[in-house]
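There are 2 protein chains.
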Amino acid sequence: MASTRTDDSHPRRSARASSAVLSATRELIAELPYPRITVEGIAARAGVGKQTIYRWWPSKGAVVVDALAARNPDDLTFPDTGDLRADMAAILRATEEEFASPEFDALYRALTIESLQDPELRRIIDERMLGPQFAAARVRFRSAREAGQLRTDVEDSVVFEMFMAPLLHRWQTGAHPLGAAHAEAIADLAIRALSPEQ
Amino acid sequence: MASTRTDDSHPRRSARASSAVLSATRELIAELPYPRITVEGIAARAGVGKQTIYRWWPSKGAVVVDALAARNPDDLTFPDTGDLRADMAAILRATEEEFASPEFDALYRALTIESLQDPELRRIIDERMLGPQFAAARVRFRSAREAGQLRTDVEDSVVFEMFMAPLLHRWQTGAHPLGAAHAEAIADLAIRALSPEQ
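Chains A and B are the protein sequences, given in the same order.
Sequential numbering of the first sequence, starting at 1, is according to the numbering used here.
Sequential numbering of the second sequence, starting at 1, is according to the numbering used here.
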C-alpha cells in the first residue's frame, strides 16, 4: 500500500524526517503568524505524517521551540573579547533589536502565553532554550571571574538576572521603549553592581 | 415587570452597584481559582445584572484587576524610613513572599496570560496597577535623590527595573527559588549600581 508517511522506524530515515520537520517549521515561522502554524501544516511541508511529529513532540509549541533552538548554535555561545561590559552590552543590544521586530515580538509573545498555560512546554523551553542559554552565560561569567571582572560572591543565576531581566520586563510590560540606549544603560549598571570591589 | 437588575442610571445607585461588584469579585478571588470565576458569578454575588458589569468593564479580567487595585490603597505607597536600601529590601521581601503563595501565583499567572493576549486588558493593568505602582515608586526615588542615596543620571523606569525585574523574571521562569535571600541580594546589587559615586 502506498503511503506518504516516512518510515521513521529506520534510524537514518528517522533523523532525516526529524530534520525535515525542523526545517519546515523554520520556514513556516518566517511565513506565518504563530496562530496560523499547525502541526498539519508542518507535516505537509516536511512530507511526513502528523503521527511522525506527535511521536517526537507533544505539541506545536514544542516543535516551534525545537526549531528555534536548533536554528543557530552560535546563539548559544556568549562572545568573549576579554571585556565583560562590552560583551554583555553587545548581547543586550542584539536582544533588544530582536525583540523590537514585530515578527519576533509576536512569536515570542505567543510562546510565552502557551508556556504559562502548559507546564510541559515550559519544561521544554527550559531544557532546549533557557537552560543552554544560561549554561553559555555561565561559561562567560567564569572567564570574567578569572579575569577579575566579576564578583565571586554572587550566584550565576543572579548575575544573569541583573543583565537580562530588565530587558525582558520592559518587553513584557511595553511601558517603556526598548533599544540600544536601554541596552547600554543596563550593561553599565549591572557591571557597576557586579564588579569586584576596587 | 419585576427585575433583579440594579437601576444604575442613578449616580448613587451606580456607585453602590460598582462597589458591590468589586466586593463580590474580591470574595470570589479568595474562594475560587481564576478560571472558575465568571462574570455571571460576580453578578449573582453582587446582586446586579450581567449587563451592569459589562457597562463598566470590558471583560472578567478587567473587573478582577480593578478589584485587586482597589483592595488596599497602602499597597500604592512605598515605605520611606529615610533608608532606600532598607525600604526597597522590605518591598522586595514582601513581593517575593506574595509570589510564593500558590493562590497569588495562580491568579497572577492567569492575569499575565490574559493580558498577553488582550491589549485592552494590558492597558487596564497599566492604568490601574502598574502605572500607580510606578508613580508611588517615583515618589520614593525623588526622596532618595534628595537624601543623596540615588544617582540623578538614571531614569526612574530603569531604577524601577533594576529593583523589580529580577524578581518578576525569576517568578516567571520558575528556574530558581524566590525568597528573602534573593530579595536581599537584589536590593544590595541594585543599591550598589544606583548609589551616587562616593
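Worth flagging that the hints you see were computed from the coordinates, not collected in a lab.
Fair warning: this is a prediction, and the values are worked out from it, not measured in the lab.
Beta carbons are placed, not taken as given, at the ideal position from N, Cα and C, and that holds for glycine.
Among the hints, a few may not be true.
Pairwise CB distance ranges (calculated) [claimed, not checked]:
| # | chain 1 | residue 1 | chain 2 | residue 2 | range |
| --- | --- | --- | --- | --- | --- |
| 1 | A | Tyr54 | B | Arg145 | 54 to 62 Å |
| 2 | A | Gln117 | B | Thr152 | 52 to 60 Å |
| 3 | B | Gly131 | A | Glu127 | 31 to 39 Å |
| 4 | A | Glu155 | B | Glu97 | 14 to 22 Å |
| 5 | B | Glu97 | A | Tyr54 | 39 to 47 Å |
| 6 | B | Val154 | A | Ala106 | 27 to 35 Å |
| 7 | A | Glu127 | B | Ala94 | 31 to 39 Å |
| 8 | B | Thr152 | A | Tyr54 | 55 to 63 Å |
| 9 | A | Leu130 | B | Thr81 | 48 to 56 Å |
| 10 | A | Arg26 | B | Ala94 | 30 to 38 Å |
| 11 | B | Leu32 | A | Gln117 | 13 to 21 Å |
| 12 | B | Arg123 | A | Glu127 | 28 to 36 Å |
| 13 | B | Arg192 | A | Pro177 | 21 to 29 Å |
Starting from the range 52 to 60 Å, see whether the pair A/Gln117 and B/Thr152 falls in it by beta-carbon distance. 43 Å, violated
Indicate whether the distance between the beta carbons of A/Tyr54 and B/Arg145 respects the range 54 to 62 Å. Holds: the Cβ-Cβ distance is about 58 Å, inside 54 to 62 Å.
Taking 30 to 38 Å as the hint, is the beta-carbon distance of A/Arg26 and B/Ala94 inside that range? Between A/Arg26 and B/Ala94, where Cβ atoms are some 44 Å apart, the hint is violated.
Is 31 to 39 Å a correct range for the gap between the Cβ atoms of B/Gly131 and A/Glu127? 37 Å, holds
Is 13 to 21 Å right for how far apart the beta carbons of B/Leu32 and A/Gln117 are? 18 Å, holds
Range first: 39 to 47 Å. Now tell me if the beta carbons of B/Glu97 and A/Tyr54 are that far apart. At 41 Å between Cβs, range holds.
Outcome for the supplied range 28 to 36 Å, where the beta carbon pair is B/Arg123 and A/Glu127: 35 Å, holds
Is 55 to 63 Å a correct range for the gap between the Cβ atoms of B/Thr152 and A/Tyr54? 58 Å, holds
With 31 to 39 Å as the target window, see if A/Glu127 and B/Ala94 comply at their CB atoms. For A/Glu127 and B/Ala94 the Cβ distance comes to about 33 Å; the hint holds.
Lying within 27 to 35 Å: is that true of the beta-carbon distance B/Val154 to A/Ala106? 31 Å, holds
Taking the beta carbons of A/Leu130 and B/Thr81, is their distance inside 48 to 56 Å? 37 Å, violated
Looking only at beta-carbon atoms, does the pair A/Glu155, B/Glu97 fall within the given range of 14 to 22 Å? For B/Glu97 against A/Glu155, whose Cβ atoms are near 20 Å apart, the range 14 to 22 Å holds.
When the structure is compared with the earlier hints, violations turn up for hints 2, 9 and 10 and for no others.
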